[in-house]
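> These are the residues of each chain, in order.
There are 2 protein chains.
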Amino acid sequence: MTDVVHEAISPDALESRLRAIGAARYHDRHPFHRLLHGGRLNFAHVQAWAPNRYVYQAAIPRKDAALIARLDDRALRREWVHRIHDHDGTGEDDGGIERWLKLTDGLRLDRAYVISQQGALPATKFAVEAYVRFVHEHSPLEAIASSLTELFAPAIHAARIAGMLAHYDFVSEDLVAYFRRRLDQAPRDAGVALAYVRANARTAEAQNAVLRALTFKTEVLWAQLDALHFAYVDPGLVPPGAFDPARQASAYSTSAV
Amino acid sequence: MTDVVHEAISPDALESRLRAIGAARYHDRHPFHRLLHGGRLNFAHVQAWAPNRYVYQAAIPRKDAALIARLDDRALRREWVHRIHDHDGTGEDDGGIERWLKLTDGLRLDRAYVISQQGALPATKFAVEAYVRFVHEHSPLEAIASSLTELFAPAIHAARIAGMLAHYDFVSEDLVAYFRRRLDQAPRDAGVALAYVRANARTAEAQNAVLRALTFKTEVLWAQLDALHFAYVDPGLVPPGAFDPARQASAYSTSAV
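Here the protein sequences come in this chain order: V and S. Using this note's numbering, you'd call the opening residue of the first sequence number 5 and step up by one each time. Using this note's numbering, you'd call the opening residue of the second sequence number 5 and step up by one each time.
What the hints contain is simulated information worked out from the structure, not anything from laboratory work. Keep in mind that this is a model prediction, so the values were computed, not measured. Careful: at least some of the hints might be erroneous.
Since the list gives no way to pick one copy over another, a pair counts as held whenever it fits inside one copy or between any two copies.
Said to hold, decoys possible - For lysine to aspartate or glutamate, the following EDC-like pairs were computed, each having C-alpha atoms within a straight-line distance of at most 20 Å:
1) K129 - E96
2) K129 - D77
3) K106 - E96
4) K129 - D97
5) K106 - D76
Here chain V stands alone, though its shape is the one from the complex (with noise of 0.2 Å):
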């Protein structure tokens, strides 16, 4: 049910509109998440989770910066820049990629085993690539819009840090500080995008591919979400090669907190 706009519609439409699409299609309504927050995954569910997700934040600078390559404007590239050091860090700050490997340290898995991404799921990796390449391939103005999830982050990082602290005792204050510091970044991120592409889509082919970007975006988190549930959950058919909790390999340890 993909919104079509048929004439050009006012910024606070399209807002309105691209706001819909987050409360029909983000992921903080797919099952797995309402399983994870609400404290009933086990250990293994949750270590299958955080190498996975680590597939999404690895990735998330490349993606930056195939947009900055395609920009001509310099003053959007100054802006869009720090993106790339919020994940991958400047200076003394190790950035956002190095705090999630702080959390799969705290899941007990091998960083090298995380960072090889040998135990992904295809499946995440192929929704991850499918990003990276829509914004290699689609315009400037698709690929911001595409950044727009980040509207509806705060409300999943905060449930997520609540209820993963409240549920998990092998989850500490160490290993959300990923979403503790998303609280603040996204909301900033999420402005300067939302305010470019309210002023810069004002045709209804424009805006209908602004909501087309938001809608194919939500679908690269949703689908890497069904694959988790998929392999680790319900039926829980884990692909071959993909991490597998029944099994003790040793490049990663499932003994149970």
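Put chain S on the given structure of chain V with help from the hints.
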């Protein structure tokens, strides 16, 4: 006479071959630069040079972002991203592109005209886009090797600063700020890139790719000067639509100083 290696050579031998490419092919040898630095161009010639070179400057952050978009190595991304800052600026620093626009301001060229690239030679734009595409399409090792013309840049910048200040009364210290800054930036950048190439080009195949990449880059720079020389010096055939010193278009001023 592209160098070809038949068996893998040592890092030192590779560096020697790279430096030999610079000695044979770097654009400091081009007659146009000798005219420019020797004070044998007139105001209109220098006017024509600056906005063409702006096309190159303006593309560099997109080129560097295209490389970052292909790097899986976070530490290398962290290192490379500072090049985007060097050109686009960050915080209080307005960056190298702005410093280049100070030069075109000083040459009494309209800033909007320069930024529009309307008056730039098509051959300039083709060469610059070939460089950006090269980085998109070749391996990160080749993309990094293509930046190694920076090994040879300090000498040309020093010669340019001295020559232009000595020979042209319309060139002041303000106008050469871009080159002064690059005297520090280029050696640092070239050192990082050279260390990467030495460490990572270990097979004959990789070494030949690296030698070809640097050769290609010298061609990108040389072709830009060929186009300037052809259009503005000898035979002086300005292509339709390009900046024409003989015409006093309202968009720019060529009145002699």
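> None of the hints should be skipped; say for each whether it holds.
A quick look at each hint next to the structure:
1. Taking the closest pair of Cα atoms, K129 and E96 never come within 20 Å of each other, the shortest separation being 30 Å inside a single copy and 39 Å across copies.
2. Taking the closest pair of Cα atoms, K129 and D77 come within 20 Å of each other only across two copies (17 Å); inside a single copy the shortest separation is 31 Å, beyond that limit.
3. Within a single copy, K106 and E96 get their C-alpha atoms as close as 16 Å, which meets the 20 Å cut-off; across copies the closest is 33 Å, which misses it.
4. In this assembly of identical chains, K129 and D97 lie within 20 Å of each other by CA distance neither inside one copy nor across copies; the values are 27 Å within and 38 Å between.
5. With identical chains, the CA atoms of K106 and D76 are at most 20 Å apart between copies only, with a shortest distance of 19 Å across copies and 36 Å within one.
Of the hints listed earlier, those the structure fails to meet are numbers 1, 4, in rising order.
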